[in-house]
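**Q** Residue-level listing of the chains:
2 protein chains.
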Amino acid sequence: MQATSEVKATRVEQATRIETAELVVEECPLTIMVNGHRSISLLCSPRDLEALVIGLLLAEGTIATYTDVASFHLDAETLIADVWLRDREVIPVQPGERSRASGCGLGAIYLDVINTCSPNQSSIHFTSEQVLALSQKFNKMSEIFLSTGGVHSAALCEARDILVFHEDIGRHNAVDKVVGSAAVQGLALADKLLLCSGRISSEMLVKAAKQSIPVVVSRSAPTRLAIDLASRLNITLVGFARGARMNIYTHAERITTSVSDR
Amino acid sequence: MQATSEVKATRVEQATRIETAELVVEECPLTIMVNGHRSISLLCSPRDLEALVIGLLLAEGTIATYTDVASFHLDAETLIADVWLRDREVIPVQPGERSRASGCGLGAIYLDVINTCSPNQSSIHFTSEQVLALSQKFNKMSEIFLSTGGVHSAALCEARDILVFHEDIGRHNAVDKVVGSAAVQGLALADKLLLCSGRISSEMLVKAAKQSIPVVVSRSAPTRLAIDLASRLNITLVGFARGARMNIYTHAERITTSVSDR
Numbered sequence: 001m002q003a004t005s006e007v008k009a010t011r012v013e014q015a016t017r018i019e020t021a022e023l024v025v026e027e028c029p030l031t032i033m034v035n036g037h038r039s040i041s042l043l044c045s046p047r048d049l050e051a052l053v054i055g056l057l058l059a060e061g062t063i064a065t066y067t068d069v070a071s072f073h074l075d076a077e078t079l080i081a082d083v084w085l086r087d088r089e090v091i092p093v094q095p096g097e098r099s100r101a102s103g104c105g106l107g108a109i110y111l112d113v114i115n116t117c118s119p120n121q122s123s124i125h126f127t128s129e130q131v132l133a134l135s136q137k138f139n140k141m142s143e144i145f146l147s148t149g150g151v152h153s154a155a156l157c158e159a160r161d162i163l164v165f166h167e168d169i170g171r172h173n174a175v176d177k178v179v180g181s182a183a184v185q186g187l188a189l190a191d192k193l194l195l196c197s198g199r200i201s202s203e204m205l206v207k208a209a210k211q212s213i214p215v216v217v218s219r220s221a222p223t224r225l226a227i228d229l230a231s232r233l234n235i236t237l238v239g240f241a242r243g244a245r246m247n248i249y250t251h252a253e254r255i256t257t258s259v260s261d262r
Numbered sequence: 001m002q003a004t005s006e007v008k009a010t011r012v013e014q015a016t017r018i019e020t021a022e023l024v025v026e027e028c029p030l031t032i033m034v035n036g037h038r039s040i041s042l043l044c045s046p047r048d049l050e051a052l053v054i055g056l057l058l059a060e061g062t063i064a065t066y067t068d069v070a071s072f073h074l075d076a077e078t079l080i081a082d083v084w085l086r087d088r089e090v091i092p093v094q095p096g097e098r099s100r101a102s103g104c105g106l107g108a109i110y111l112d113v114i115n116t117c118s119p120n121q122s123s124i125h126f127t128s129e130q131v132l133a134l135s136q137k138f139n140k141m142s143e144i145f146l147s148t149g150g151v152h153s154a155a156l157c158e159a160r161d162i163l164v165f166h167e168d169i170g171r172h173n174a175v176d177k178v179v180g181s182a183a184v185q186g187l188a189l190a191d192k193l194l195l196c197s198g199r200i201s202s203e204m205l206v207k208a209a210k211q212s213i214p215v216v217v218s219r220s221a222p223t224r225l226a227i228d229l230a231s232r233l234n235i236t237l238v239g240f241a242r243g244a245r246m247n248i249y250t251h252a253e254r255i256t257t258s259v260s261d262r
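Protein sequence lines, in the order shown, are assigned to chains G and S.
Heads up: the first sequence begins at 1 in this note's numbering, then just goes up one per residue.
Heads up: the second sequence begins at 1 in this note's numbering, then just goes up one per residue.
Since the hints were made in silico from the structure, they are not lab data.
There's no promise every hint is true.
The list makes no distinction among identical chains, and a pair is therefore deemed to hold if it is satisfied within one copy or across any two copies.
No farther apart than 16 Å at their CA atoms in a straight line, the calculated lysine to aspartate or glutamate pairs in the EDC-like style are these [claimed, not checked]:
| no. | residue 1 | residue 2 |
| --- | --- | --- |
| 1 | Lys8 | Glu253 |
| 2 | Lys8 | Glu26 |
| 3 | Lys8 | Asp228 |
| 4 | Lys8 | Glu19 |
| 5 | Lys140 | Asp161 |
| 6 | Lys137 | Asp161 |
| 7 | Lys137 | Glu158 |
| 8 | Lys210 | Glu60 |
| 9 | Lys8 | Glu22 |
The structure presented is a predicted model; accordingly, all values stated were derived computationally and were not measured.
So that you can see chain G by itself, here it is in the shape it has in the complex (with noise of 0.2 Å):
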């Protein structure tokens, strides 16, 4: 199945109206099953599922490191991934009782979160302009976006290159193939940067804790939650990477700057 196809529109511009092709982004259903337990079901864009769905069930916790899947086969017209594990007495946790679980309230993710992840332990640095000029690079990587405006991106970077890049119709799914990827290609991500097309929400921000990425960086804003987060974790966060700018909002000091370096 391919990321994008054509479809006819009509094009409408001043008082002219044009009958035309347009390039629009691929959107499907994919289930993920676990043991042979139906786990999630996800919208996403057809491409680089394995990497997804890695990047799914590490940022679940359903497996805690990728040598804990024995066999991995996706069905490619029904779209059902069927992953078994090395444990097979594993049971994939339904998103509904996890939601049950977790209790009500405000002060519920956020518990949930500061107990399972410890501050991250990164003294990494980066350089103002090698984040600058990894985000630059970044947004001209994004093809599908380009062609068709309908996708995030997120990519995994060290100092001076971008690793891992991965697109999707969800920010979230973006985050999840591009840790799922690394996952697979054996990439330590304790001392690399993160970056993201999307706004920082704080289930973003959960889910680059969950896998010790100590910057995630994006050229949109953040939430107040995420920030919190970031603060109480460790995470150095920035928001609004655009052109020759940005705004840290957490743990500067892994960021620096040619006047703060002298």
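Fit chain S to the given chain G structure using the hints.
**A** Relative to chain G, chain S alone:
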């Protein structure tokens, strides 16, 4: 709880580094109880929460109209919304159970919607000038977005004006808020135009279809699945409505232009 708040940030621009205060958008977890049973937990912007709850219960099919609701109480501290229905026997379906019940594979969502929504019957028309004027007004109304960059917005419109407008950190929540608000006000939706700031995925289209909204307009891109559903359900889907242009993907007959009118 305010929709925005100030946080300390380090603004980096070229080689300068300034300590500043930035306005960011709040994000909070809302829990909905129906007839004493837990229904949904979600993250949202803490404003217009009754509209969000009513819109969500309509979208989920827990209620058919606002008159099904006997009482609504929101605890402002825990953000637990306690909803009692006229029919106290109704037990809300858990999102997890719903997705388990709906079967696997590409056909499931498609068939579910095709089976539960009948094609839109509305013969309403809008001129392209009206659509673009509404769209321009909509872009200027988004005060939280303009100040924080962190939210999506949605609006319900008649030909000459915006009737209901809401913002939220979630694309889906913004639509649920306008639908819920309209229900509380007793506003009919079957002749209205829905404006969205975000991308139109299949889930967004389904929300409109369930409320019999005949025209959906976004300044962003639609997905292929949303286009297919709109085509089948006789809904007019417009994307990239910006400045003097737009793309009409389905049922273009509801949007007239001066040229086609002559």
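**Q** Can you give me the call for Lys8 and Glu22, within, between, both or neither, at a CA distance of at most 16 Å?
**A** Classified as within; 6 Å inside a copy, 43 Å across copies.
**Q** How do Lys8 and Glu26 come out at 16 Å by Cα distance, when the copy is not named: within, between, both, or neither?
**A** Only inside one copy: Lys8 and Glu26 sit 14 Å apart there, 40 Å across copies, limit 16 Å.
**Q** State whether the alpha carbon distance between Lys140 and Asp161 is at most 16 Å within one copy, between copies, both, or neither.
**A** within (13 Å within a copy, 38 Å between copies)
**Q** Check Lys137 against Asp161 for me: Cα-Cα at most 16 Å, and say if that holds within a copy, between copies, both or neither.
**A** Only inside one copy: Lys137 and Asp161 sit 9 Å apart there, 42 Å across copies, limit 16 Å.
**Q** At most 16 Å between CA atoms: does that hold for Lys8 and Glu19 within a copy, between copies, both, or neither?
**A** within (7 Å within a copy, 50 Å between copies)
**Q** Can you tell me if Lys210 and Glu60 fall within 16 Å by alpha carbon in one copy, between copies, both or neither?
**A** Within one copy, since 10 Å is at most 16 Å while 31 Å is not.
**Q** Is the C-alpha distance from Lys8 to Asp228 at most 16 Å within one copy, between copies, in both cases, or in neither?
**A** Between copies only: 11 Å across, 46 Å inside.
**Q** When Cα atoms must be at most 16 Å apart, do Lys137 and Glu158 count as within-copy, between-copy, both, or neither?
**A** Within one copy only: 13 Å inside, 43 Å across.
**Q** Using 16 Å as the alpha-carbon threshold, which applies to Lys8 and Glu253: within, between, both, or neither?
**A** between (51 Å within a copy, 14 Å between copies)
Violated hints for the displayed structure: none, as all numbered hints are satisfied.
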